[in-house]
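Q: Top line first, the protein sequences correspond to chains A and B. Residues 1 to 216 (my numbering) are what the first sequence spells out, left to right. Residues 1 to 216 (my numbering) are what the second sequence spells out, left to right.
Among these hints, one or two may not hold up.
Copies of the same chain look alike in the list, so a pair counts if it fits in one copy or across any two.
Distance condition first, Cα-Cα at most 25 Å in a straight line; then the derived DMTMM-like pairs of lysine to aspartate or glutamate [stated by the list, open to error]:
1) Lys15 x Asp58
2) Lys207 x Asp187
3) Lys15 x Asp187
4) Lys132 x Glu12
5) Lys83 x Glu34
To be clear, the hints were calculated from the coordinates, so they are not data collected in a lab.
There are 2 protein chains.
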Amino acid sequence: MNKKIQEPEEKEISKAVIGRLPRYFRYLAELKDEGVERISSMELSQLMQVTASQIRQDFNNFGGFGQQGYGYNVAYLYGEIGKLLGLDETHRLIVIGAGNLGQALANYANFESRGFLIKGLFDTRKEILGKKVRGIEIMPMEQLETFIAGNDIDIAVLTIPKTEALAVSKRLADCGIRGIWNFAHIDLDLPKSVKVEDVHLSDSLMKLSYAMKREG
Amino acid sequence: MNKKIQEPEEKEISKAVIGRLPRYFRYLAELKDEGVERISSMELSQLMQVTASQIRQDFNNFGGFGQQGYGYNVAYLYGEIGKLLGLDETHRLIVIGAGNLGQALANYANFESRGFLIKGLFDTRKEILGKKVRGIEIMPMEQLETFIAGNDIDIAVLTIPKTEALAVSKRLADCGIRGIWNFAHIDLDLPKSVKVEDVHLSDSLMKLSYAMKREG
Chain A
1 MNKKIQEPEE KEISKAVIGR LPRYFRYLAE LKDEGVERIS SMELSQLMQV TASQIRQDFN
61 NFGGFGQQGY GYNVAYLYGE IGKLLGLDET HRLIVIGAGN LGQALANYAN FESRGFLIKG
121 LFDTRKEILG KKVRGIEIMP MEQLETFIAG NDIDIAVLTI PKTEALAVSK RLADCGIRGI
181 WNFAHIDLDL PKSVKVEDVH LSDSLMKLSY AMKREG
Chain B
1 MNKKIQEPEE KEISKAVIGR LPRYFRYLAE LKDEGVERIS SMELSQLMQV TASQIRQDFN
61 NFGGFGQQGY GYNVAYLYGE IGKLLGLDET HRLIVIGAGN LGQALANYAN FESRGFLIKG
121 LFDTRKEILG KKVRGIEIMP MEQLETFIAG NDIDIAVLTI PKTEALAVSK RLADCGIRGI
181 WNFAHIDLDL PKSVKVEDVH LSDSLMKLSY AMKREG
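Looking at chain A on its own, in the form it has when it is part of the complex (with noise of 0.2 Å):
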């Protein structure tokens, strides 16, 4: 990563501009695709309905990403988005939890191309233990540890039950995986070193809920 880059990384960059870096990631992946080279803060305002000037404000929090005036090119800027995703990098994952989110999960190649690789997947139910889910198999918990140590594993993916997942993301903890997906309706308790990125699908129902019962 370059210099432009990693400077002004030393001030605390807001959680709504880093929720919104995945945003303009798929979009710039999108221009690319149809062979766009150079877009201005207006066309890409228009195009993802927010303000030309939130667009800089938030490219301002790591250098710029080019001139205005004269467009962002839309491959470099791509690049250096998908370099602060740490998408330069391969991710290897486990799922635990087999069950129909699990392997969903699992199912969805899309995360593959964007260097997320399932490796494994783990379930405490005997009957579906051995069975393969495009090519994955599932192995029991007992295995959690040699598995994550032998394949290198960094992310584990959790969709256990609330009242599992405390103990099982201490259990990855203690073995040295660095981030938690974590579809588990709970908060995890876990320390600061370990990443965890929640998706309370419950809790986005009701997001919608109250949009619905309030501007309704």
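Got chain A sorted already, so can you dock chain B onto it with the hints?
A: Frame of chain A; chain B shown alone:
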């Protein structure tokens, strides 16, 4: 809903506050289940690992929910936040796309306990039509409009590829759907009267990867 809550609604409540409501609701549900009757903002603060001042500020958007010195009445607070979130009403849902993710959502019975009743599944693949998931039938897309009208459906869940999502979402808006829970990896473009809550799973995974790279 009482006047205390209605009045402050006239000013706009920030997305961040709204985004925190489901988490308050979740903790209050647990406290209520445990038989806790009153809780101070300080105790709630410790439990939820947010500052007591943030809790008070958040609640003040909705009239405050009672005196802080004496603490909050758990059952009352649970009920009021539930009402804000529209959980005092029943919603009738359909899931469009009966793949792994659609079936996972249909199988998740916990939504029902919050008043989100999944009434139908839709798919284009002939080979799975008529199949049932937790008693819910998979129907062809041709029946969409008739089913929505005949079953008083207000929310549609989209778990279809992004290439189909725009057209399907317009069809849903045309037949009076008021809320869309969108798992398709694209921003929908609908009249303001249709509320959309996005769950972009790839975006969430990228945020995890960002955190791991940045602070790891």
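Q: Could you place Lys15 and Asp187 in one of the four classes (within, between, both, neither) given a Cα distance threshold of 25 Å?
A: Both: 18 Å inside a chain and 20 Å across chains, each within 25 Å.
Q: When Cα atoms must be at most 25 Å apart, do Lys132 and Glu12 count as within-copy, between-copy, both, or neither?
A: neither (43 Å within a copy, 50 Å between copies)
Q: Can you give me the call for Lys207 and Asp187, within, between, both or neither, at a CA distance of at most 25 Å?
A: Classified as both; 18 Å inside a copy, 17 Å across copies.
Q: For Lys83 and Glu34, with the copy left unspecified, which applies at a CA distance of at most 25 Å: within, between, both, or neither?
A: This pair counts as within: shortest intra-copy Cα distance 21 Å, inter-copy 46 Å.
Q: How do Lys15 and Asp58 come out at 25 Å by Cα distance, when the copy is not named: within, between, both, or neither?
A: both (11 Å within a copy, 18 Å between copies)
In summary, the one numbered hint that this structure violates is 4.
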